[in-house]
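Trainee: For reference, the chains in residue letters:
There are 2 protein chains.
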Amino acid sequence: MTYQPPVRDHLFIFRDLLELERYANLPAFADASLDVVEQILDEAARFTSEVLAPLNAVGDKEGCRWNPDFSVTTPAGFREAYSQLVEGGWPGLGSAPEWGGQGLPHVVNLAFSEMSSAANMAFSMYPGLTHGAYSAILVGGSEAQKQLYLPKLASFQWGGTMNLTEPQCGTDLGLIRTKAVPAEDGTYRISGQKIWISGGEHDLTENIVHLVLARIEGAPAGTRGISLFIVPKFIPDADGEPGRRNSVKCLGLEEKMGIHGNATCVISHEEATGWLVGEENRGLALMFVMMNEARLGVGMQGLAQAEAAYQAAAEFAKERLQGRSLTGPKNPDGPADPIIVHPDVRRMLMDARAIIEGGRAFLYWTALHGDLAEASPDEATRQKGRDYMALLTPVLKAFLTDRGFRVCSDAMQVHGGSGFTEHFPVSQYLRDCRIALIYEGTNGIQALDLVGRKLAADGGRAMMSFFAELDGFVDANDGEALQPFVAPLLKAKAELQEATMWLMQNGLANPDNAGAASTDYLHLFGLTALAYMWAMTAKVAQAKLAAGSSDPIYAAKLTIARYYMDRVLPETAAHLAKLKTGAELVMALPAEAF
Amino acid sequence: MTYQPPVRDHLFIFRDLLELERYANLPAFADASLDVVEQILDEAARFTSEVLAPLNAVGDKEGCRWNPDFSVTTPAGFREAYSQLVEGGWPGLGSAPEWGGQGLPHVVNLAFSEMSSAANMAFSMYPGLTHGAYSAILVGGSEAQKQLYLPKLASFQWGGTMNLTEPQCGTDLGLIRTKAVPAEDGTYRISGQKIWISGGEHDLTENIVHLVLARIEGAPAGTRGISLFIVPKFIPDADGEPGRRNSVKCLGLEEKMGIHGNATCVISHEEATGWLVGEENRGLALMFVMMNEARLGVGMQGLAQAEAAYQAAAEFAKERLQGRSLTGPKNPDGPADPIIVHPDVRRMLMDARAIIEGGRAFLYWTALHGDLAEASPDEATRQKGRDYMALLTPVLKAFLTDRGFRVCSDAMQVHGGSGFTEHFPVSQYLRDCRIALIYEGTNGIQALDLVGRKLAADGGRAMMSFFAELDGFVDANDGEALQPFVAPLLKAKAELQEATMWLMQNGLANPDNAGAASTDYLHLFGLTALAYMWAMTAKVAQAKLAAGSSDPIYAAKLTIARYYMDRVLPETAAHLAKLKTGAELVMALPAEAF
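Going down the list, the protein sequences come from chains A and B.
The first sequence begins at 40 in the numbering used here and counts up by one.
The second sequence begins at 40 in the numbering used here and counts up by one.
Warning: the hint list may mix true and false statements.
Intra- or inter-copy, both count: the list cannot distinguish identical chains.
[Said to hold, decoys possible] Below 27 Å or equal to it, Euclidean Cα-Cα: the simulated DSSO-like pairs (lysine-lysine) are:
#, residue 1, residue 2
1, Lys619, Lys530
2, Lys369, Lys619
3, Lys578, Lys619
4, Lys185, Lys288
5, Lys218, Lys185
6, Lys288, Lys218
In case anyone wonders, no lab produced these hints; they're calculated from the structure.
Based on the sequences and whatever the hints tell you, model everything.
Mentor: What follows is the structure, given as structure tokens:
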């Protein structure tokens, strides 16, 4: 059995947890009634499980092929699947009506993205990056650029890329050397080499729109001298169709541990023709439009691979007969019991559920705030939405990928030796997932972004707002029934607050204290956020059960919520203890001692 | 730079921590003066770094090739390296003088094994399993079998394998179906299919000696009906040289996530001629001779891959220029600072050091007890040695591989995007390391072995002895200077004791409580054991510094010891809290809810 999209859990989130219908009065939500959302989820589940999932192993085994004419051939079946993606109208889910989209809330499109990523991460990166290019031009492009590019990108008819990294610069974009020389016609000649360009060349679309960071001749050094350019593979002709071939080409592909079906390209710009997007030297800010969207998407990828790996492990654990239950045979007529009877196997499956379902709630809850930041008529709601998106994006990116990778590793462990062979899908999930901890800013960079920028922004408004929301929930739910959830949440919140205070007191005195604390702080934050999600989930589930629902999901949610509080959340104390020891020992050895 | 064996740390362990010279009066140790050990370490470092390490990436990329004549070709260079291994006299390190070996303590050979494994894990598995076959025949074989096979195995002239797993049985060996039918000449006809046989076929040796678990016709069902057989690829002739080809062959190789240079074979026995080892139906006990040795070796592999990955990460962190230190430029004349200035990068490198060096001390300290179990003239010492080996082997196997894998993953993280490409070695370390959590009994099985068998054996004697040793150390070192190490050790020990009590009280009442607690208990144990190692290390280092040593290793050891106490050990509390919640929530969902 391949990956089966967890539509039931998505419905739980949309209907019960987020109560999407509360927002029916908002423009983006008007067309997203729960019936419509359910239909979309069902169709998305069909498309991703039937079309994309069967190509996942194919993409892994075949990989992409670079050809001496600088073209790249994607794995067998990818072209056909891409056509079906475009023809099925899926691109429209994520884009605005004026550019051909359906204008639905982003949070609904996110479910389709999650399913696509779980079914076939390498494939789904092609349209994923295209959507990023769409967003950057939507925010920063001129009217002419929008008219020319947005319809083609919104429909996925053309592909899009982000051209950031160069051999000497990954994280530190101030080191970019790619040059842009103004031409007389208002365009620029772009020259330089970019590496690790996902989808930088492929055979899925008739054109590829590169968004390229480069330095205009004479620009200031560092990050203040970087501009953003559109460099199309084929320069659009007068009708907006692909015309003359631009001098941008793929010199080769990276060999990687995973996502083999996605072409990771070395891209050479050789006096390629480029168009400035937005203002000179303000390219980084625009690139961060793509980057922030991408970061949320990468957190989603961690979650998606974890879900797919969990499903494979659960299936294996129910079918594999090996040994007997410690409490007596559960399958007495068979040669052995299925390994799901063993508590240590259960522990791994339950850990997975607690992280995946809690993480999914956290992701969609945050994404809804992102929608409200745009769609709400209320400025306070919009501001809170913006604040939460800024504050929580690094947490989602790093926490969901770190923990998602651990879930994938546990899923392999459930498989025993089978999991290490490539006959079973879990090795690919583990290998594919691993990149998500790295790209779009390593998880360490996310942690630094969180403690160095996001916490203090606007006088700490976002963080105070988050704490106030937790306090409000705890105060409003002080009854007996919710105590098993609210009490641990309150404890975790107190630890997070203590850690935040510690950072405020010690991070300014010595910034290395903030750096040394950052990753533990981020995990403490993520664990606390999931405790909030599970407490809200428990509240909803209790209410549904009290109202007489016999749907087994509610009892299961209550069990997993208690499991989370008992068996996952105790980790917060260690993060707090570690981070409060500061930077001294972290930095004590001289560099040459390593 | 490829892997550089950490000879300095091995010397620290042998000379300062274990004080090997204390044992000069024992037969096995008489020829292992520190001078000799140092010479061996230096030569081992040269051989493994110059001959084995350069073939590591080759083996990963090329893998092994199965040929239609059922032969297997190892990667380019493996045959030559194997010849050098044999000619260099390295096989002798690990075997007894009567079979051509040097009779040195096992703990000395372990250093060579660790270096070999770090340099080239896939390669080193061939001789590693050969040594396992040697040990099984040494313990269980008849005099004739010893005479025939031991010299060939001790010299690595012939290879050895373990033939356990079948498609329907991995962990649960009671399900074995391979049949043994007695022949008139006292041999057996062995028929059945074995899978995942490491080194089951290759071109490195003139013969391969399979040790095969099979069921003699009419034997009792389950594990009490399993016997052990020698099934040589070529049946030795009257001169003991490879003669007639036996009907055992390799039907194919597994595709795996890692250790591509090692041939993982499907082995078919088709009425192959086999010789019973030891008694009928007592095969499992003998196989556990190999297995226990192998388990310690697998823990070592986790450590070895972590060391190699750490070295790659440290080198990258010192060379890669990216961003600036949070406390002002450290490389003001360069375009950026080396990333080792960033506290979060340091954190990952320090975590690695704390686990690797503490884990190495734990491994060699335990292995020394294994030597004393054989060599000591004092029965109490021998008994303690046997007790510790039995108790600590599952802890070493699972803790060092779990934590070793995390170190490999952190080492990839230090590399950023480079780490995900196969241009850098760290992806291979991560992929190779991952099997160590699975084979020779998954880490979950180790945890179950620990709580289900080892804790209670002989009325809990081994565990009480371990606690008494910790108490003795704490009592004997209650001075001010050691407080930063002894106090956290005492706290961890109290937590481990509380967990042990909890298991005694709750594991019998409901065995699922023991199962649900097992992995957290094992990690709590491992963390406490490393705290003991670091406390002993700190004591030694303080003494050396007090005596005027200017060797920088002692100050570094003190720093890492404090780091371990502050930044790693706090995890114990979470393990205790989790395990004390018992099995209820772990087992609460019905199987069909997964």
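Trainee: Determine which of the earlier numbered hints do not hold for this structure and return their numbers in increasing order.
Mentor: none
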